[in-house]
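Enquirer: Keeping their order, the protein sequence lines are chains Z and D. Under the working numbering, the first residue of the first sequence carries the number 1, and numbering increases by one thereafter. Under the working numbering, the first residue of the second sequence carries the number 1, and numbering increases by one thereafter.
Think of the hints as simulated: they come from the structure by calculation, not from any bench. Keep in mind that the hints are not guaranteed to be accurate.
Copies of the same chain look alike in the list, so a pair counts if it fits in one copy or across any two.
[Stated by the list, open to error] Below are the DSBU-like pairs computed for lysine-lysine, each with C-alpha atoms no more than 35 Å apart in a straight line: (1) 6 to 92; (2) 81 to 64; (3) 64 to 92; (4) 64 to 7; (5) 6 to 81; (6) 92 to 119; (7) 6 to 64; (8) 81 to 92; (9) 64 to 84; (10) 84 to 7; (11) 6 to 119.
Protein chains: 2
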Amino acid sequence: MDVQTKKTALRMFTYGVYLLGMKQDTTYNASTVSWVSQVSFEPPLVMVALRNDSLTLGMVLAAKGFTINLLDSRQMEMAGKFFKQATYQDGKLNGHAFEPGAQTGAPVFVDAPAWLECKVVETLGRGDHTVVIAEVVEAGVRDERATPLVLRDTPWQYGG
Amino acid sequence: MDVQTKKTALRMFTYGVYLLGMKQDTTYNASTVSWVSQVSFEPPLVMVALRNDSLTLGMVLAAKGFTINLLDSRQMEMAGKFFKQATYQDGKLNGHAFEPGAQTGAPVFVDAPAWLECKVVETLGRGDHTVVIAEVVEAGVRDERATPLVLRDTPWQYGG
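Chain Z extracted, bound-state conformation (with noise of 0.2 Å):
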């Protein structure tokens, strides 16, 4: 296999971005993450890809629950400042306002269109990221008709 081939037609894949919130103990985080998708309908069940090394990993396997955060193609800019361990100031994550989810207490943005409370039910770790598998307990729509932001529009690759 050509490691180039290889990595050229994995960064082709379609992914969307999204703000996971964690918060364990008293401390709130959230992080830009791609690697995402729903693997069951019934129960309803996501994935997310996590690297071994973050913390994010870390708080999300300690926390046993997270939130998903969709955002709009408009919020590329607030994407960007999630790509390392957010400031909490204010009562907001990197200055912007979230609600505790009902379920985790892990960050809702009130800025998301569409967002999804997950806690953990299995991990599975055979590369340098870890599979957590989660279901979902709450969710929540605020504009149903934004266009989610998605990977391939941003200057930013995750993938090969």
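For chain Z, the structure is supplied; the task is to place chain D on it using the hints.
Expert: Only chain D this time, still in chain Z's reference frame:
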């Protein structure tokens, strides 16, 4: 949780549209799939979630391998032909020419702008789909500048 809100939120998530190619014994098949994501860089792993009661899952588990054919935005009609079991005739599947993948024998469509050949490394069944984790063992790119087919740009939905 409001079930309709949950469904609406999950349907706003972003997916590509791919043709999963399979060969079990002497039988070729291909199936339209969307719940696909990379889940590790090193080793290069992907996941695809397949309905537990599907022929596709049975063939993938028996063959322990498959291909993922990325489609161009102009290939929606081709994708639409593979919602049910494909017809093999004159060396083609539903009229589309393919070559057998070098490592799995699974169909690599000659018109796909990019493709992966994958070997199953682990499966995880928690809901009505099975999460199949597979290692990318071969890859090809025929048109790096293709605009990939995205589920949102089709009349179809798979999620909720």
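Enquirer: Compare the structure with each hint and give your call.
Expert: Comparing the hints with the structure gives:
Taking the closest pair of Cα atoms, residue 6 and residue 92 come within 35 Å of each other only across two copies (25 Å); inside a single copy the shortest separation is 40 Å, beyond that limit. Taking the shortest alpha-carbon separations for residue 81 and residue 64, only the intra-copy value of 24 Å comes in at or below 35 Å, while the best inter-copy value is 41 Å. For the homomeric pair residue 64 and residue 92, the shortest alpha-carbon distance inside one copy (22 Å) is at most 35 Å, but the shortest distance between copies (47 Å) is not. When the C-alpha separation of residue 64 and residue 7 is checked against a cutoff of 35 Å, the pair qualifies both within a copy, at 32 Å, and between copies, at 23 Å.
Taking the closest pair of Cα atoms, residue 6 and residue 81 come within 35 Å of each other both inside a single copy (29 Å) and across two copies (27 Å). In the homo-oligomer, the alpha carbons of residue 92 and residue 119 lie at most 35 Å apart inside one protomer (23 Å), although the nearest pairing across protomers, at 44 Å, exceeds that limit. Within a single copy, residue 6 and residue 64 get their C-alpha atoms as close as 34 Å, and across copies as close as 20 Å, so both meet the 35 Å cut-off. For the identical chains of this complex, residue 81 and residue 92 are intra-copy neighbours only, at 13 Å inside a copy versus 48 Å across copies, given an alpha-carbon limit of 35 Å.
Only within a single protomer do residue 64 and residue 84 lie at most 35 Å apart by alpha-carbon distance; the minimum there is 21 Å, versus 38 Å between protomers. Both within a single protomer and between protomers do residue 84 and residue 7 lie at most 35 Å apart by alpha-carbon distance, with minima of 24 Å and 31 Å respectively. In this homomeric assembly, residue 6 and residue 119 come within 35 Å of each other (Cα to Cα) both inside a single copy, at 33 Å, and across copies, at 14 Å.
Figure legend: structure checked against the earlier numbered hints; every hint is met.
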